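Number of protein chains: 2
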Amino acid sequence: MTQQTNSSSDSDFARIIVSYRIDPSIGVKPEIIAEAIRTEQTIEFPFDLAPTWIQNNVVGRIENIDGQVVTIGYPIGVTGGGLGQFLNVLWGNVSLLNGVRIIDLQLPAEFLADFRGPRFGVAGLRSIFNAPTRPLLCTALKPMGLSPEELGATAVTLARAGFDMIKDDHGLSSQPWAPWAQRVKTIARMVTEVDADSPHHCVYMPALNVPADQLLDAAHQAKEWGAGALLVLPGLAGMDSMRVLADDPELNLPIMSHPSFLGSTVVNPQQGIDHGIVFGTLMRLAGADISIFPNYGGRFSFSQEECETVAQACAASLGEIATIFPSPGGGMTLDRVPEMIKVYGTDVTLLIGGALHRGDLFSNARQLVEAVAPL
Amino acid sequence: MTQQTNSSSDSDFARIIVSYRIDPSIGVKPEIIAEAIRTEQTIEFPFDLAPTWIQNNVVGRIENIDGQVVTIGYPIGVTGGGLGQFLNVLWGNVSLLNGVRIIDLQLPAEFLADFRGPRFGVAGLRSIFNAPTRPLLCTALKPMGLSPEELGATAVTLARAGFDMIKDDHGLSSQPWAPWAQRVKTIARMVTEVDADSPHHCVYMPALNVPADQLLDAAHQAKEWGAGALLVLPGLAGMDSMRVLADDPELNLPIMSHPSFLGSTVVNPQQGIDHGIVFGTLMRLAGADISIFPNYGGRFSFSQEECETVAQACAASLGEIATIFPSPGGGMTLDRVPEMIKVYGTDVTLLIGGALHRGDLFSNARQLVEAVAPL
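Chains as they are written, first to last, in my numbering: chain A, 1 to 375; chain B, 1 to 375.
Keep in mind that the hints were calculated from the coordinates and are not lab data. From a predicted model like this one, the values you see are computed outputs, not experimental measurements. The beta-carbon is built from N, C-alpha and C at its ideal position, and this holds for glycine as well. Fair warning: there could be bad hints in the mix.
[Said to hold, decoys possible] Distance ranges between label pairs, derived from CB positions:
no., chain 1, residue 1, chain 2, residue 2, range
1, A, Asp66, B, Pro374, 29 to 37 angstroms
2, B, Asn130, A, Glu63, 47 to 55 angstroms
3, A, Glu31, B, Ala181, 37 to 45 angstroms
4, A, Ile62, B, Pro179, 27 to 35 angstroms
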């Protein structure tokens, strides 16, 4: 993807700037770690044995060392080959080091120009759902174990209540109780029927938790059956597989990313990648229109501050790449909505699942729809 | 993939048994965490609201709580849909919790029967390289920045010296200095020519660090050009994408897995998944014939004990799934070979890269070949 002419100067091309915070407890000086990282993520070869032009034009450059924070600039040519190789430069082998965490990432325009990013983003989704300012509403079909018809009946109730998006629980794959094709076809038909009779637009979003060689076909098949958006698990399918779905002009459906399997990359404060970079910047590069992450105070361990960095990264300037909706979920309840609007603002997709089922599903759902309608 | 009849009894089907160690410092009782995990990884729904048959047949069952270790048994039907959903049950949402680490995994025969695993494994590779007992030898083409012809010339030297496998450095994708097709075609041709004139069989193993929608075609194209094995990055491409390559009967090439981007899942002692499960068990399920991981005492942070658990998991009984070669790499040097054989035994693929280039490449390589030949 990235193209760049071979050059013998070290200053005339754009660089990807990555800042790593080094945990002092590992007992190695930041200067030493910086030298290790800049070669590890590029040539994986003794620096002194590399030809001079490779030392200058391929190996990462130490841009700055400030206390425990080291900043490396990688020539964008190193990331040639697409999103996978970019992620490999960012975090491939360094992921195997303890005590190193990426806390900042700056991507030059020349690099970003190779990425379409989300096809819809905030503006596109607001247009689809005729919702110029309010939060969008999404819920998940559950519990696993129900038949396609039972899940479909739940979807119909939620569609009638006025939800924008009704997604499969991300664990719905192709279990014996609701095989993939049967489930997606049934629910898509049922939601499409409600949608045709309703003033409010609602879409069914099947989970593309399917074998890798079936991913693209499953997405197209789901669209043909009436699905209006797609739920993707990039931590399992691969970030670049999500990018392929977003880039597909024939598919042309909004994509919601689920954080399954990605947790270890963010939850250790001394290692990994900052929450905002993973669930904001990287998800945008990989084409998600909505990025799910676990809300603070729910079933998981993210702090309010960490969640806010995700929302900030979803909305930050990133070349021509559209802004996207953060979607804090995981144990959300109706009574937390005002607080969440206060924290996230209205450019948010509220994701509420199990809690809607305690009491009457329709009236709980309706209450939420009415709460966000005036926003 | 997994099929199972719906049943109202909770004891007549096989279960996947996962043991999680809970970090006491998170301050939540193991009993509470066990209850959370068994629903989180299955129905993601309030347990008391689920129908009784789902409580009994879909939700994970607490098999045991022993101090800080909780063991959950998941009905195999829950993993229906393939490797991705299995990984999602194992570690999907739990990955977002701090202080939880998978330390043991038991897979029943009924589950394993759905996986082919590695196509070659230890026995298959020993046959290919006519190496009944000795360690196999692999090296990486580097540094990034060289042209296809320069990389090819290095490959020729290593092939003549008697290496079994010559792989691309995993960061070689499609950089401007050596675009993917040009590089793979050139090196494959050069190695094939040496191989034709040599009594010792040597294969070129290109890195499939390519866009997701080009992965399968790239593998077939590489084979057509003469590649004899494939390097896959499952942490970026997705574990199930590697499984697709391994399962492809037309492709029929050995696969080596690279740990890029997977580090955070193992390096934090209080969170993640044990080294042996990730780089042994999961890589075998996903079809790798050789699993690379960072050797102790090299550039990374794995302990000797952690490395030994990887080797043990590569060799352990796993239904009908073949045993595979562990491949400790990352900063290996010639003088460590005797020690490594002592630790890993001879069912190992020694991976040595940059160190061969200090001094004369051919004689360094030859020295290694001669050191392992009598083993």
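Hints, verified against the model:
At roughly 53 angstroms, the beta carbons of Asp66 (chain A) and Pro374 (chain B) sit outside the given window of 29 to 37 angstroms. Between Asn130 (chain B) and Glu63 (chain A) the Cβ separation comes to about 50 angstroms, which falls inside the hinted range of 47 to 55 angstroms. Hint check: Glu31 (chain A) to Ala181 (chain B), Cβ distance near 39 angstroms, so the stated range 37 to 45 angstroms holds. Checked against the given bound of 27 to 35 angstroms, the beta carbons of Ile62 (chain A) and Pro179 (chain B), roughly 28 angstroms apart, stay inside it.
In this structure, the one hint that does not hold is number 1.
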